[in-house]
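Given chain A, work out where chain B should sit, using these hints.
If you want the building blocks of each chain, they are given just below.
There are 2 protein chains.
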Amino acid sequence: MSSEQERTLSVMALGGVGEIGKNMYVIQYGDDIIAIDCGSKFPDESLPGIDLIVPDISYLLENRDKVRGIIITHGHEDHIGGLPYILKQMGMPVYGTRLTLGLIEGKLKEQGLLGSTKTHVITEDSTLQLGAFTVTFFKTNHSIPDCIGVVFETPEGTVVHTGDFKFDLTPVNEESADLHRMAEIGKSGVLALLSESTNAERPGFTPSERKVGLHLEEVFRKAQQKVFIATFASNVHRLQQVVDAAFATGRKLSLIGRSMVNVVSIAAELGYMNIPDGMLIDPGEVGQYSPDKVAILCTGSQGEPMAALARLARNNHRQVEVLRGDTIIVSATPIPGNERNVSRTVDDLYRLGAHVIYGPGSSTGMHVSGHASQEELKLMLHLMRPQYFIPIHGEYRMLHQHRQLAEAVGVESENIFIVDNGDVVEFQNGRGRKAGKVPAGSTFVDGLGIGDIGHMVLRDRKSLSQDGILIVVITMSKATGTVLSGPDIVSRGFVYVRESESLMEQANGIVVRTLAKLQEENVNQWNIVKQKIKDALGKFLYDQTKRRPMILPIIVEV
Amino acid sequence: MSSEQERTLSVMALGGVGEIGKNMYVIQYGDDIIAIDCGSKFPDESLPGIDLIVPDISYLLENRDKVRGIIITHGHEDHIGGLPYILKQMGMPVYGTRLTLGLIEGKLKEQGLLGSTKTHVITEDSTLQLGAFTVTFFKTNHSIPDCIGVVFETPEGTVVHTGDFKFDLTPVNEESADLHRMAEIGKSGVLALLSESTNAERPGFTPSERKVGLHLEEVFRKAQQKVFIATFASNVHRLQQVVDAAFATGRKLSLIGRSMVNVVSIAAELGYMNIPDGMLIDPGEVGQYSPDKVAILCTGSQGEPMAALARLARNNHRQVEVLRGDTIIVSATPIPGNERNVSRTVDDLYRLGAHVIYGPGSSTGMHVSGHASQEELKLMLHLMRPQYFIPIHGEYRMLHQHRQLAEAVGVESENIFIVDNGDVVEFQNGRGRKAGKVPAGSTFVDGLGIGDIGHMVLRDRKSLSQDGILIVVITMSKATGTVLSGPDIVSRGFVYVRESESLMEQANGIVVRTLAKLQEENVNQWNIVKQKIKDALGKFLYDQTKRRPMILPIIVEV
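Which chain is which? The protein sequence lines are A and B, in order. Each position in the first sequence, counted from 1, maps to that position plus 582 in the numbering used here. Each position in the second sequence, counted from 1, maps to that position plus 582 in the numbering used here.
Check before you lean on any hint, since a few could be wrong.
Where chains are identical, the list cannot tell them apart; a pair therefore holds if satisfied intra-copy or between any two copies.
[Said to hold, decoys possible] Distance condition first, Cα-Cα at most 27 Å in a straight line; then the derived DSSO-like pairs of lysine-lysine:
#, residue 1, residue 2
1, K1128, K670
2, K1044, K1121
3, K691, K1121
4, K769, K960
5, K1121, K769
6, K1060, K1112
7, K1044, K960
Since the hints were made in silico from the structure, they are not lab data.
If we strip away everything but chain A, and leave its shape as in the complex, we get:
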């Protein structure tokens, strides 16, 4: 940070640039810091055993006295999933709309943080005074209700954070994004715009959510038996359209999947969903109705092996069965990395004789994205007319494409900053520049542990998973320095001992000879002995098998 930070405005990402997920942004003016969102993301196969990834908040911990609060733009996991983990480390007031807070409070309760956390309900019309910041909001559309963009008025000028958005001109059960408010904001002058880039690679204009409803109802009407719809539990608009389609076609609706039940109850309770009385039935009751009078709304649209749809496809759900002739709608597009799981689930459903509607929403009409495509991103840039532009929420190529869109609508190239997590963009006297870095990165959650899994542990896990481990136990006499017992070699994940006795016997011989040689040479520092055993055994095993198991010599003195 600059030495004059008390008089400068700084913007930085703690997560969400150069990646999809774990969004977290920080805006600071002098001694006042506000955080925006705190998301989580799931690890890929390169992080074995890790349950969840959340932002590294060292910078906030170092400056805890300056943090005035955190503003949550909406209730998706990549914006709220990390909240419980940072609130465990430092308390701060949490600001969000009603549905967003409803979803957050569910999480805080699970983690026993509800009592200790101050939450404040805001609406798109709220105004907050947080330190030097006057904070206002504007309504956006997305794949969950109650989404907001955030406007920070500061002595250096106005900074706008869009959150996730699309422009839905025929939205379901809510208002369209507030174009007029956005126009006013733009008119009154925007120093810097932070706008999301998830669909920056996608040409055109993202279709309206309403489009999905028409296709849903058509399928509901034609289906002769049960209809299953898998979609994201958080897509309340989609859930409402499923309810509407079921109602229009005289079907009862049953919910399967913990998060589905959870979201529907919260959304209905808070008035974000209208469910006709008596329409919802328990999974256990499904069998009591004629198949053409029932629909099932379930989780697992990404083929998650433990979620409802995959369990139904493997036919191991206690109460509901997929039967020949049933119709399954996968109302989602596979997120890169999930294709295999989705495909496996579709295969299993076909094996059961079901009729399956799957594939990208563009081809099935059963899904639309919640994110702005290129024309909408340009529309946002036009409305806001920012002096400076920082594309956020996306991997590098998406930020790059978004940069090109901004240039196309007239933002000065040198006023566009593509940043990495931790990069600080500083504004002073109306000029913006990249100015150094703050700590930022990934904090791994594994079981109850937060951040206690380091890269060495992960490296060990990876190497263990590749060729397993060989443990060599040798018992030495303290008195005489001679071998009392062993070497005993135990292997896990390498090869069956019984399938490779001779290999293990030879390995044993290698260790015995190595020890003998070392004794001749009077080498008796255990670390050297261990290293020599590792080297000799490692070379032997690689020559024999072209595999490199981890070798762990253990020397016990008695």
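Chain B only, in chain A's frame:
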């Protein structure tokens, strides 16, 4: 197999149905067996440490005296990749076209199998008499030259295996698929058709390879600097079009990537590619030419981290550098599962300031599939007019879609068999039926080991990769049965000991107390002692960390 197998015709898959890859099919009449193809596939993340998967050929090993040979339909890895591994276990004559054998012989040489293997060159006009089978062929189009379909005339009737195919009516550097020959085959009566299903989900007609050439040349012409093209090395037609585009635009061409150099030399030597003299330059010479006079053809179109394109993108190639303003063409569509690697590579290339053309071929025009889409699959079914139909080469939903196409063109539903690997379809007196199973499945190649990695070893590797391992070493006195040393607890992949000393001390205490308790109870069978330690320690660690490391007690007696 039926007891009357000497008088029946049987068809079975040893690999390639219910999956993509490791294609291998078997046709048998009485005591005569012919194999078709022997592919390999790469493991997904569920098989840690495995290098390659090849078919389980137990059935052929049990019947080695009956095997008359193996026919290879074309030179792709999913059709030839397993060949060296089965030829190590049993010799058999190998039949293939010139390019196919050229690629196979390269593999056999690497594995020292060239001398011991009889290979026979065939053409689409060859006729083979193999036991009871009269075998003929027909030319097809695909993403590699010299592809054939196979016709087996048997006393029970004619069986046709299409291999991989598309219908390219304006092919590059070769003839179109032989429609007239296929029509003849169909006219003379086909008992059973085995047809590939890779693109059975895709509507329409796959575009001609020629379409790509036009787009390539356009980009070559416009590019102001170096042009890099990444594509499958085996796609010789594509390689030829890159050569043509380079020639038309006055660019020298350099090859990067072992398999690229390898395939180009084989294809050129056998006359499947025409490369103007003096056009090819070494990577080391690239710097000597003006950037607008050079093109680089490289491997890595799937973002494979160790392949040329990913190395270039990370800027760690010894001889060639990607510079700001260079153009990179990814002439391929990411195979499901590879999206992340491709995306990372594109991100890295953008970071270098390159202009990148990537994404599905349908949108970029830089790639077309080598597989028949729905209209072509129907065309094949029309031409062959089979009495029985077995969709092959595909995951279940693809086979299912192909079944529906066959029904649409008039094949009797009850005459269509969707089979799993190992299912036997038997034909007798003109009637076909499913008749039992033969052993079939996956053989894992890991280092030098073929099939020596069992599911228990894989289970160990997976559990090791999740939460690591704790080794508990205890030295006991044979004489007194008392503990001489330990418990010593060593962990790998669980947590840093130094980060969690107290946890390890408590763990130690748990073991000590467990041992004491067992001694009071005079329990001294080591297997029971070990189990008690596992249980007590496992429970303690799970309660403390919600993690389940593998626990390995080792008791040494001295």
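Now the hints, each set against the structure:
no. : hint          : in the structure
1   : K1128 / K670  : between (47 Å within a copy, 17 Å between copies)
2   : K1044 / K1121 : both (20 Å within a copy, 25 Å between copies)
3   : K691 / K1121  : between (54 Å within a copy, 26 Å between copies)
4   : K769 / K960   : within (16 Å within a copy, 59 Å between copies)
5   : K1121 / K769  : neither (71 Å within a copy, 63 Å between copies)
6   : K1060 / K1112 : both (17 Å within a copy, 26 Å between copies)
7   : K1044 / K960  : neither (43 Å within a copy, 47 Å between copies)
Going through the hint list in order, the structure does not satisfy hints 5, 7.
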